[in-house]
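S.K.: Residue-level listing of the chains:
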Amino acid sequence: MSLSRRVVAATVLTILGALLMVYMTSRLILERSYVQLEDQEAITNVERVRNAFDDDIQALLFLALDWSKWDETYHFVAGDAPSYIADNLLDQAFVSLKLNMMAFLNASNEMVFEKGFDLETGQAVPVWDSLSPYFASGSPLLQHPSITSEIAGVIMLPEGPMLIVSLPVLHSDHTGPIGGIMIWGQFLDQSAVEKLSHITSLDVSIRRFDSPDLPPDFQTAQAALIAPDEVFTLPLDQDTVAGYARVDDLQGRPSLILKMEMPRRIYAQGLASLFYFLAVQAVIGPIFAFVMVWLVQRTVLSRLSRLSARVRQIQKTDDLSLHVTLEGNDELAMLSRDIADMLNALAHSRERLQRAHDQLEERVEERTQDISKVNSSLREQIAERLAAEMKLAEARDQALESLRLKTQIVANISHDSRTPLTNIELYTDLLLLERYGGLTPRQHEVIDSIKLNSRQLLALINNMLTEAQMTSGKLNLANDAFDPRQLLDQVKLAMIPLAEQKSLSLITQVAPDFPAHLRGDADRLKQILTNLIDNAIKFTKQGEVTARLYQPDSFHWVMEVTDTGVGISPELHQRIFEPFWQVDGSPTRTVGRGVGLGLSIVKNLAANMNAEIAVKSEIGQGSTFSVCFRLQE
Amino acid sequence: MSTKRILIVEDDPQLGILTREIISTIGFGTELVADGALAIQAIAETKPDLVILDMHLPNISGAEILSQMRADPALKEIKVLISTADIAMIRANESLANGFLLKPFDIQQLIQAVKKQIDLPDR
Chain Y
1477 MSLSRRVVAA
1487 TVLTILGALL
1497 MVYMTSRLIL
1507 ERSYVQLEDQ
1517 EAITNVERVR
1527 NAFDDDIQAL
1537 LFLALDWSKW
1547 DETYHFVAGD
1557 APSYIADNLL
1567 DQAFVSLKLN
1577 MMAFLNASNE
1587 MVFEKGFDLE
1597 TGQAVPVWDS
1607 LSPYFASGSP
1617 LLQHPSITSE
1627 IAGVIMLPEG
1637 PMLIVSLPVL
1647 HSDHTGPIGG
1657 IMIWGQFLDQ
1667 SAVEKLSHIT
1677 SLDVSIRRFD
1687 SPDLPPDFQT
1697 AQAALIAPDE
1707 VFTLPLDQDT
1717 VAGYARVDDL
1727 QGRPSLILKM
1737 EMPRRIYAQG
1747 LASLFYFLAV
1757 QAVIGPIFAF
1767 VMVWLVQRTV
1777 LSRLSRLSAR
1787 VRQIQKTDDL
1797 SLHVTLEGND
1807 ELAMLSRDIA
1817 DMLNALAHSR
1827 ERLQRAHDQL
1837 EERVEERTQD
1847 ISKVNSSLRE
1857 QIAERLAAEM
1867 KLAEARDQAL
1877 ESLRLKTQIV
1887 ANISHDSRTP
1897 LTNIELYTDL
1907 LLLERYGGLT
1917 PRQHEVIDSI
1927 KLNSRQLLAL
1937 INNMLTEAQM
1947 TSGKLNLAND
1957 AFDPRQLLDQ
1967 VKLAMIPLAE
1977 QKSLSLITQV
1987 APDFPAHLRG
1997 DADRLKQILT
2007 NLIDNAIKFT
2017 KQGEVTARLY
2027 QPDSFHWVME
2037 VTDTGVGISP
2047 ELHQRIFEPF
2057 WQVDGSPTRT
2067 VGRGVGLGLS
2077 IVKNLAANMN
2087 AEIAVKSEIG
2097 QGSTFSVCFR
2107 LQE
Chain H
15 MSTKRILIVE
25 DDPQLGILTR
35 EIISTIGFGT
45 ELVADGALAI
55 QAIAETKPDL
65 VILDMHLPNI
75 SGAEILSQMR
85 ADPALKEIKV
95 LISTADIAMI
105 RANESLANGF
115 LLKPFDIQQL
125 IQAVKKQIDL
135 PDR
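Protein sequence lines correspond, in order, to chains Y and H. The opening residue of the first sequence carries number 1477 in my numbering; numbering runs sequentially from there. The opening residue of the second sequence carries number 15 in my numbering; numbering runs sequentially from there.
A portion of the hints provided could be inaccurate.
[Claimed, not checked] Chain H regions said to be covered by chain Y (calculated; three or more residues, Cβ under 8 Å):
{"no.": "1", "region": "26-35"}
{"no.": "2", "region": "44-57"}
[Unchecked claim] Only pairs whose alpha carbons sit at most 30 Å apart, straight line, appear in this in silico BS3-like list of lysine-lysine:
{"no.": "3", "chain 1": "H", "residue 1": "Lys129", "chain 2": "Y", "residue 2": "Lys1968"}
{"no.": "4", "chain 1": "H", "residue 1": "Lys129", "chain 2": "Y", "residue 2": "Lys1927"}
{"no.": "5", "chain 1": "Y", "residue 1": "Lys2002", "chain 2": "H", "residue 2": "Lys129"}
For the record, the hints were derived by calculation from the structure and aren't laboratory data. For each residue, glycine too, the CB sits at the ideal point set by N, CA and C.
Full structure from sequences and hints, please.
M.R.: This is the structure in structure tokens:
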């Protein structure tokens, strides 16, 4: 639903609601007060009727008083004035006094005179039998305790209600004693009712209280009039309202219902004014609604829809520069200006966003170029690396191949030289055994030297082979049981000639509880020991070389060679194990022989056997080389 | 004189002659072959008490001769001393041979090794 429709609907509903409210309020409050007003008026009028009715009785009473306080009457009831009847109680008197009955009793309550009269016919009639109980002894009409006593009221007779007055008969000067009782009666007939209507200007009617055929409204009143003085009102129809009052008889019994009818003027006027008021409202309401809607339409809705159309247009065209401002200085104009401001801000931020986006794209482009540059350079580098790696691999393969060849060559030389060396050995042995003739001591000496040199040569070849095997990773170590003492003896036997040449003592020592058998590569162990002893002999000018076997603890055993030679300064302790290096700092041979492979081979073999090598030495103090092996089970 | 006969298989003529010369001094009958094929033939024909077998031979290698001998029921009881410069070769044939001579060896080693085989009862 559009806003304008909603406004119209809301306005119409509001107006209708207001009308309804006014109507309801009027009905509830005004009408009720009209009814109350009407009710009060009705009550007042009923009271007037009752008063008028009472006035009738009072009027009868005043007339009667004039008669009862009269010496003639006094004398009449005493039986002393027989002319009284002819003078005063003729039919004429009944007509003028409008009486239906007169009765005079003497002081002993004995009837002196009684007469009935029909006012319609103007004829005297016998006193109605129904009255006789009222004249009998004990009747309320006969109770006059004092001279001022007055009894006036209504009694109900089968013939109709009767106004009745009973007064004591006194002297004209109002003195007693009470001469007798005078009782007058007057039927309450239609003329009396008309008189009441005339006096009160109201429509009055009277009904017997105990009448069996009362109209419905009288029946309602009969039920409502419980107390003697009560008054009851009842709207009969749209135009008439009635009021009812109860009249009791002398004995205090409810005897009559007085009814008064009057037009509902106040109520009708109230209703009319209410109607005019509502009519005016009904006319003004729509006008007011129309004006309101028109105003809202003009000042708000049309402008709002203009604003909304603009905004929708902007949304559709996406053109933020379109004009949305409404003229005026009110909230809507402010809203439109706010929207315009917002659109401006939006346009700015969109511009900024676009700029940032463009910059970002530029940067991304730059970065992409950078990355592709880096990528291509990386690719080049990778290609270079790969080429270099291939070259390296080639070089490595070549190096490995040449190493393999070298090892092969050394192995071949080693093997091939052994047969000639065997021949030299055997020949020198046979010579020394003088198998080929006797020898001079000098010849013997020379042949010994030949034998020693051939053994040196063999040791050299062995070292070269071992070195080549270790370099190419082809060293295979045996793990057999061997007798360490035998090993030591064999090496000693081989090395003694070398020691003797330099006049050195070669001493071997085995710890007393050293194991009888060990496991390992006996030939390589021999090689280690041989090299250590050879090295010791090489660098010792005089003294001795001692080879020792012992156990530092129950898990290791040590092969140790001590000499009394030149010694090694501590800073050189590591360098002496480098290949082709000797103590004097150069590969020259100023002290001993050999190519400098000995200690290097000892170190490498020891490393291959997981053995620790240690050197203890000082310049001029000799050296101790020890190799510590793990004991194998 | 002893009836023990020793076959020397050695391709180096000098070493062959030297070996034969030294062994004959201790009183064994010797025969020398320098070729693998000839060696097999000689072993099969003469059934020597001991063969000193060089591992490095022309035509048929010492290792091949040894394994053939051990596979032949007629020859497998014949004792063999392998003679080589190669420790690896000794290790490879240790279980098949009765003993070995590592080149270079001297007179004492040669005589001891031979005597150890001949003087011992059959293995």
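S.K.: All hints, please: hold or fail.
M.R.: Cross-check of the supplied hints:
By the rule of at least three residues with a Cβ nearer than 8 Å to a Cβ of chain Y, the coverage given for the region 26-35 of chain H holds, with 6 such residues. Counting residues of the region 44-57 of chain H whose CB lies closer than 8 Å to any CB of chain Y gives 0, so the stated coverage by that chain is violated, three being the minimum. Between the alpha carbons of H:Lys129 and Y:Lys1968 the distance comes to roughly 24 Å, so the proposed pair stays at or under 30 Å and holds. Among the hinted pairs, H:Lys129 with Y:Lys1927 is consistent with the structure: their alpha-carbon atoms are about 24 Å apart, no more than 30 Å.
In summary, the hint linking Y:Lys2002 to H:Lys129 is supported, as the alpha carbons are separated by about 25 Å, within the 30 Å threshold.
The structure is inconsistent with hint 2 alone, although it conforms to all the rest.
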